[in-house]
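Engineer: As they're listed, the protein sequences go chains U and D.
Quick note: the first sequence, position 222, residue 222 per this note's numbering, numbers continuous.
Quick note: the second sequence, position 108, residue 108 per this note's numbering, numbers continuous.
Worth flagging that the hints you see were computed from the coordinates, not collected in a lab.
Careful: at least some of the hints might be erroneous.
What the hints assert, rightly or not - Okay, the calculated beta carbon distance ranges per label pair:
#1 U:139 <-> D:58: 38 to 46 Å
#2 D:404 <-> U:164: 54 to 62 Å
#3 D:308 <-> U:89: 36 to 44 Å
#4 U:247 <-> D:120: 52 to 60 Å
#5 U:270 <-> D:56: 53 to 61 Å
Just so it is clear, the structure is predicted and the values come from calculations on it, not from any experiment.
A virtual CB, placed ideally from N, CA and C, is assigned to each residue, including glycine.
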Amino acid sequence: MNRIDKRFAELKKKGEKALVGFVLAGDPSFDRSLELLAAMCDAGLDVLELGVPFSDPTADGPVIQRGGLRALKGGSSLATAIRMIGSLRETTDVPVILFSYYNPIFAYGLEAFFRDAPTAGADGMLVVDLPPEEATEMNEYLPDGNDFALIRLVAPTTPPERMHAIVKNASGFIYLISKAGVTGGGGLDPEGIRKQAASLRAASNLPVCVGFGVSTPDDAAMLAPFVDGVVIGSAFENIIEEYRDSPDLAERLAGQVRSFKAAMRETAVMNSQKTGRMGG
Amino acid sequence: MEHNNMHIETPAGAPRQGPVPDRYGHFGPYGGRYVAETLMPALLELEEAYVRISKEPSFQRELHDLLVNYVGRPTPLFFARRLTEHLGGAQIYLKREDLAHTGAHKINNTMGQGLLARWMGKKKLIAETGAGQHGVATATAAALFGMECRVFMGVEDIDRQAPNVHRMELLGAEVIPVESGAGTLKDAMNEAMRYWVSAVADTHYVIGSVAGPHPYPMMVRDFQVIIGEEVKKQVRENPGRQPDLLVACVGGGSNALGLFYPFLDDPVELVGVEAAGESIMSGKHAATLGAGTTGVLHGSKSYVLQERDGQIREAHSISAGLDYPGVGPEHAMLKDSGRARYASIDDEEALEAFHLLSRLEGIIPALESAHAVAWCVKEAPALPRETIIVVNLSGRGDKDLDILARRAAAEEGTVK
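Take the sequences, apply the hints, and build the full model.
Structural biologist: What follows is the structure in structure tokens.
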């Protein structure tokens with residue numbers, strides 16, 4: 001069983017929801033970033049989404065845009081992110097997903113990417129600007145077996161028949177975009193998310209994680225009951241931006257991981273008391 | 001040849017879809033829809049609506065009426081006698097898109113897309129703009145159709161194309177300054193795409209060039225082919241035969257494709273002229289087809305200016321409308337097939353042509369169009385006198401007077 005499936009199975013057994021953390025690789029530098037990621041994994045992060053910085057991040061709000069610029073200034077790239085995963089694998093078993101725009105992967109070369117990323121210990125990829133229609137050119141390079149997940153996005157604007165087509169070829173988990181907009185806090189519609197998550201679960205056996213507009217532990221706690229995991233990005237990048245020169249940055253990020261986990265655990269407990277069962 | 005017959009039979013301005021792209025928007029290996037899932041349903045809806053509505057005779061009639069009575073089409077085809085004599089070679093004809101309402105070819109597309117948006121029931125238009133010509137043309141369409149309008153424009157371009165900012169505001173549009181990146185066209189397009197994701201239900205994004213995700217490269221081309229269709233008819237009168245060579249500047253490439261497209265199956269040479277900026281060697285240029293490599297930017301695969309690791313580079317050109325590190329996917333296909341060739345002209349050469357055309361013909365060209373004129377200045381003298389060149393004079397140069405004044409002041413400063 002690959003690391004992603006294994007992690008979601010473990011969480012389900014414990015009646016917990018996954019905390020998926022997005023951080024840009026190399027923000028603000030290679031060494032510092034590696035230290036931050038290790039601290040977050042140690043603090044209980046369930047899945048790491050490692051962001052590949054890109055010069056033109058059209059799906060991202062200002063916080064992640066600035067994080068990407070810092071990482072690029074620090075010399076980061078897709079190659080950096082892959083090396084970083086290799087280093088992380090010496091100390092952690094947390095599943096790692098590469099989150100990228102398509103051009104850095106295309107420039108790296110599809111054959112080289114699908115050789116190097118899994119070898120370094122990446123467990124999957126999510127390409128934000130590569131809808132299934134354009135993904136066919138990757139097919140001949142995909143690794144055999146199901147150890148490298150292709151995570152697909154579903155948006156609030158995705159109609160039902162399209163959603164079914166998308167989830168059919170997905171693996172790892174389904175990433176449910178929480179709002180029509182770019183990454184960053186605000187604009188959540190919990191009822192819409194609950195409904196869409198429910199129809200996704202009816203359409204697929206894969207875990208469903210929600211992200212894009214979730215910024216506080218309260219948001220995460222509110223949404224956790226509807227899904228299998230919550231993706232937090234801008235909230236971590238905010239801390240990196242604000243405390244990047246501070247010696248306790250790693251500890252602050254670890255603290256943030258623990259408070260998100262705690263908030264999500266609490267609603268899980270409340271929920272199980274209400275419904276009289278665990279997890280599910 | 002089939003689609004050429006169709007060109008003659010359909011009324012001017014009637015949109016049409018050609019043999020490419022395919023149903024996914026691919027022009028050979030280029031094009032496509034590389035966007036976040038949130039936008040995919042909107043693009044599919046737009047494509048469906050465009051294909052359906054553009055075939056409606058009443059839509060075609062409405063657009064045709066606007067192009068004739070509001071835009072002022074057909075624009076003249078003018079024999080540049082003094083420029084031709086000065087250069088002493090091929091005969092040069094100018095397709096006067098600078099005389100279209102708002103002063104550039106951009107209005108052909110914004111009339112088409114604005115009308116389409118209204119037929120689709122959208123209430124608001126957004127656009128990106130570099131030189132401001134597309135922003136002005138979109139603001140104009142919004143005013144005419146009674147729609148709200150927001151135009152995203154890089155801060156560097158706001159600074160160097162101030163007259164167009166004022167025009168957009170007079171037309172009732174809100175100009176939104178974009179500070180990210182170098183504050184030019186690429187950044188304006190990033191921000192417009194971000195905004196569109198959040199407003200997609202009631203807002204149509206009017207992309208101004210044959211770039212962006214499918215269906216834009218096809219749709220913008222279709223709305224611009226009227227340029228080439230008119231040329232094809234006009235040359236029958238004067239000079240009385242089909243041209244040998246068509247020349248147009250290429251940023252994203254909409255005025256060039258509009259001119260070239262009806263001639264693709266004809267024995268006519270096609271030359272696109274990109275901006276070489278300071279020089280190709282300096283790296284400060286916008287010659288995407290000449291010096292770029294295959295990549296994905298703003299929703300389609302094409303040539304792009306990029307680093308080895310896939311980061312998009314900043315483009316450089318004195319002309320804000322050519323200052324773009326991408327290019328339309330159909331141009332990438334025409335380059336690879338050899339059907340069109342792509343040259344480049346640097347800032348200095350464009351400025352010389354700008355002055356030359358102003359003095360010899362009394363026509364002040366846009367700095368963008370001056371690149372196409374400059375190619376003639378370079379190449380026409382060596383061509384036989386029988387050769388007929390049609391240059392797309394895609395816009396007028398009033399908007400560029402600030403740039404010239406500043407450049408003159410800066411040069412004076414360095415002399416002192």
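Engineer: Give a verdict on every hint.
Structural biologist: Verification of the supplied hints:
| no. | hint | verdict |
| --- | --- | --- |
| 1 | U:139 <-> D:58: 38 to 46 Å | holds, 44 Å |
| 2 | D:404 <-> U:164: 54 to 62 Å | holds, 58 Å |
| 3 | D:308 <-> U:89: 36 to 44 Å | violated, 26 Å |
| 4 | U:247 <-> D:120: 52 to 60 Å | holds, 56 Å |
| 5 | U:270 <-> D:56: 53 to 61 Å | holds, 56 Å |
Of the numbered hints listed earlier, the single one contradicted by the structure is hint 3.
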